[in-house]
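Got chain A; can you put chain B with the ligands on it based on the hints?
Here's the letter readout for the chains.
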Amino acid sequence: MQIEVKNIYKSFKDVHAVQGISFVIPAGEFVALLGPNGAGKTTTVEMMEGLRKPDSGEIRIQGKTWQKNEKELRKIIGLSLQETRFPEKLTCRETLRLFASFFELGSERVDEVIELTDLGSKAKSLVGTLSGGQRQRLALAVSLLNRPEILFLDEPTTGLDPHSRLDLWNILKTLKDEGNTTLILTTHYMEEAESLCDRIIIIDEGKILKEGRLEDLLNENARNLDELFIQLTGGKKLLENISIV
Amino acid sequence: MKSFKNKQLYQLTLTQILETIREPEVLFWGIIFPVLISIGLGLAFTQDSEAKFRIVIVENSPARLDSLLSVYALTETEKQGEVHIWKITDDALGNTEFRFLRNDWNTGIVSLKRGEADLLISDSLGAIHYHFDPHNSQSQLAYLKLSTLLESPVPLQQNSSTGVEPLKLKGVRYIDFLVPGLIAFGIMGSMMWGVSYTLIERRSQKLLRRMVATPMKKTNFIFAMMFVRILMNFIEAVIIFFAAALLFGIEIQGNIGALIFLFLAGNIAFTGIAVLVSCRTSKTEVGTGWINAVQMPMMILSGIFFSYHNFPSWSIPFIKLLPLTALTDGMRSIFNEGAGWMEILSPSIALSAFGFICFAIGMKLFKWY
Ligand SMILES: Nc1ncnc2c1ncn2[C@@H]1O[C@H](COP(=O)(O)OP(=O)(O)OP(=O)(O)O)[C@@H](O)[C@H]1O
Ligand SMILES: [Mg+2]
Chain A
1 MQIEVKNIYK SFKDVHAVQG ISFVIPAGEF VALLGPNGAG KTTTVEMMEG LRKPDSGEIR
61 IQGKTWQKNE KELRKIIGLS LQETRFPEKL TCRETLRLFA SFFELGSERV DEVIELTDLG
121 SKAKSLVGTL SGGQRQRLAL AVSLLNRPEI LFLDEPTTGL DPHSRLDLWN ILKTLKDEGN
181 TTLILTTHYM EEAESLCDRI IIIDEGKILK EGRLEDLLNE NARNLDELFI QLTGGKKLLE
241 NISIV
Chain B
1001 MKSFKNKQLY QLTLTQILET IREPEVLFWG IIFPVLISIG LGLAFTQDSE AKFRIVIVEN
1061 SPARLDSLLS VYALTETEKQ GEVHIWKITD DALGNTEFRF LRNDWNTGIV SLKRGEADLL
1121 ISDSLGAIHY HFDPHNSQSQ LAYLKLSTLL ESPVPLQQNS STGVEPLKLK GVRYIDFLVP
1181 GLIAFGIMGS MMWGVSYTLI ERRSQKLLRR MVATPMKKTN FIFAMMFVRI LMNFIEAVII
1241 FFAAALLFGI EIQGNIGALI FLFLAGNIAF TGIAVLVSCR TSKTEVGTGW INAVQMPMMI
1301 LSGIFFSYHN FPSWSIPFIK LLPLTALTDG MRSIFNEGAG WMEILSPSIA LSAFGFICFA
1361 IGMKLFKWY
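In order, the protein sequences belong to chains A and B.
In terms of this note's numbering, the first sequence is residues 1 to 245.
In terms of this note's numbering, the second sequence is residues 1001 to 1369.
Looking at chain A on its own, in the form it has when it is part of the complex (with noise of 0.2 angstroms):
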């Protein structure tokens, strides 16, 4: 297995974030959290690339800790956050080379990333002149450099345009044709859960109400991912507030 959650906790004085959650994920598997806002899914994805500390509850990457074997897990896994905003005054080309010059890269992987990130026109750009779109697939391309065995992407389509969304699906898809990447994603869009994942986890209120492969999920009453998120989710207010009216 290359990670196993079980029953992880979190939270923040009066929040509790996570309240439970448990799920493996073999090698090569490509899987998506959904959930609405405050979900959880931030919180849980920080708790596996070890930037948080559950309360309680074990994280397992390939069978190691984030306790013990933090050197080596940094080195084996590549992510995004939900927002970083990188230093506006470098160039892209520029703070790939600082990232990469962490994993002990050289200027050849940069060249590869950018290529493979379409960021060719943009290399010589300073950061803060990029649009959002173009900042995130700078955020995508530093967590391509280490060619990671585990990548984990928190939105990394909110707030793109169509086109620039399907660039980026097709980026995903080539990683999952060449089969050495495993992808833990969140997202809020159905269509990106459906089109690029395997297993879709839907979280809310920091627990998980329903896992697994998209045809089992579905069912008479909810014939695509809208109709369940909303029936999983909002189903019980919607219905409420129908009755108030």
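Worth double-checking, as some hints may not be accurate.
In silico lysine-lysine, DSBU-like type, Cα no more than 35 angstroms apart, as pairs [unchecked claim]:
| hint | chain 1 | residue 1 | chain 2 | residue 2 |
| --- | --- | --- | --- | --- |
| 1 | B | K1283 | A | K53 |
| 2 | A | K71 | B | K1367 |
| 3 | A | K53 | A | K68 |
| 4 | B | K1087 | A | K173 |
| 5 | A | K173 | B | K1217 |
| 6 | A | K68 | B | K1364 |
| 7 | B | K1364 | A | K75 |
If you are wondering where the hints come from, they were derived from the structure by calculation, not from laboratory data.
Every value quoted in this text rests on a predicted model; they were computed, and no experiment measured them.
Leaving out everything else, chain B with the ligands in the frame of chain A:
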């Protein structure tokens, strides 16, 4: 062999430098502004070679003073009214200029409070009365000089300055006092703003979190930042020094090696403080508050612009413990007193040790994400 350009430390340092020089404001506030300040202050306080005293005559003018003024003083009409200017030249004590202005009592008091006047004089039954704050040494001096002058308006050269031998030494002017202080002050400012503020800003941008999510070595990151700042501080110090040497002829009388050693120790001390100050918060407003809380007291107490020996004597041992005081005093002793390794060894070690302790505590508490 891997190219050294692929090394973290090299890339971290390079990007720090690029970011700094691409932000023109940073260069202005970090290097040009302090140089301008020191030139401005230096010009303001060294050109003026005569002592000026401003005196307000209240009530009916004393008859004796009037007759003296009509003989010795020039009368000029200025904005405030008629001013009598009485100049005394004295090779030994330096030139003195008294400026007399007539006004009513209340206005006189107001100008005294504002520092526009040093002394009020009035006449009571033919005797001159002096009114001033006895705690104000400038007023006191004005009183002593003026009362002596009025007793013998034409001083004979030899008796006015018997036994006075003016010193024409290097390193006793205000500019000599100011420049080492400004260099020390520049180190503090640059570290506090450059390191603390940058760290807090990067934390708030989630960039720190992104960086430590890689195999980057945290100490490399901090060292690169410190290294770039030391480099900038060095350039700044060299510019200030050469500007002051060119304009005012200041000199380093002591050991230059010792000066560089002390300079580095000061940089280490303030890097430590800067890291400690910025170790937790991700709010730049909070950070600004902390930076000011550290800087303000030292700026006032450590004797950058005027000597801290004016503070009450019980406070002086505490003032001497401040890192900026240690650094400033050490720099001054090398610049103006010809100090060498022996004199600055212990303050340098104390400063570095203090820096390392703050740094260690800061790193322990440091919030990377
Ligand atoms: N640092 C924090 N301090 C306090 N509360 C937090 C913190 N981080 C997250 N929370 C809370 O934890 C809950 C889960 O947040 P999380 O960011 O994991 O949600 P999310 O599913 O990623 O939402 P979104 O889709 O909006 O990104 C929210 O209620 C949030 O307010
Ligand atoms: Mg989130």
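Next on the checklist: For each hint given before, does the structure comply? Return the numbers of the non-compliant ones in rising order.
Outcome noted: 4
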